[in-house]
Amino acid sequence: MAVWIDETGTLVRPAESASIEPSPMRAIEITDDLPERMQMLFTEVKKLPDHAEDYRAAIVDWVENGADSRFAMAPHEVLEASQPRPLDHSRAAALFELGCHLHDTVGKDAAVPFWKQAHAANPENWTYKRQAWTLESTPPGEASDMVQEVSDTYGTTWLDDVIANGGGEAYGITPAL
Amino acid sequence: MILESLAVDPATFADATGWESKPEGLCKGDQCVPAPEAVTADGLLDVTVVADRLGMAIVEDPDHGLVALGPESGGRALTTTTVPDLPFTDADGNPFSLSSLHGRKVLLVAWASW
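Top line first, the protein sequences correspond to chains U and R.
Each residue of the first sequence is one higher than the one before, counting from 1 in the numbering used here.
Each residue of the second sequence is one higher than the one before, counting from 1 in the numbering used here.
Covered stretches of chain U, going by a simulated chain R footprint (3 or more residues, C-beta under 8 Å): (1) 9-19; (2) 57-67; (3) 78-87; (4) 92-99; (5) 126-134.
Bear in mind the hints are in silico, worked out from the structure with no lab data behind them.
Here a beta-carbon is modelled for each residue, glycine too, at the ideal position from N, C-alpha and C.
Using the sequences provided together with the hints, build the complete structure.
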């Protein structure tokens, strides 16, 4: 995710997915010898929207043309293009922050109930889910588990939730270019 | 915002949320919301009143004596396009202020390893 900020400290694009090169995971060959869940996972990964080339070109256009770039929004356009925030999302943010605070000050077990509630209050927020999941499936000090198939604590996984929310093609906040 | 009670110092609240307590109400950017009963007799903000006026969710954790206050709701995630002077730490551990980049275009990317 990224935002664009002009020379005066003003947002000219709100938060949106911001890849500038396709994920190498798209190139993974799905073979029959992979476990079924991995085949399903990579199938969804290959459906993720890819706007890397267009997004990179938009950045270059903004750098060259500034406020005259067609990708630089006026203030009212930025506000209107930012994500809706109903009360449930405010509640989810509070629950997630409380969980983070408890994780750091008390321990993970204290955080989990609040993170579960945050996931339920805003099921489309992948940051809340993946932050919680990665602490389940990644031992301290080791590289992050990107697959996130551990589900004992939360009862769901990245793959299950992606499929439930419309598949890989519906994942993320697509930049409106 | 994490609190230990349902009353908060206005300056602390402004630092955490961007909403300042002014004579005309609670204000952020060009937006002001009337809240005449938000300030208590001892000069603190009544969090229940503020939350009601701004659509902020309150989550209480009595086991740990904590209160979490969510961001304002009812509209869009952004209420202003003015970027706050966010404090960061650079790769060498030194304080880094976003405002130090004024005069240049900034692409601010948030990323996680998962």
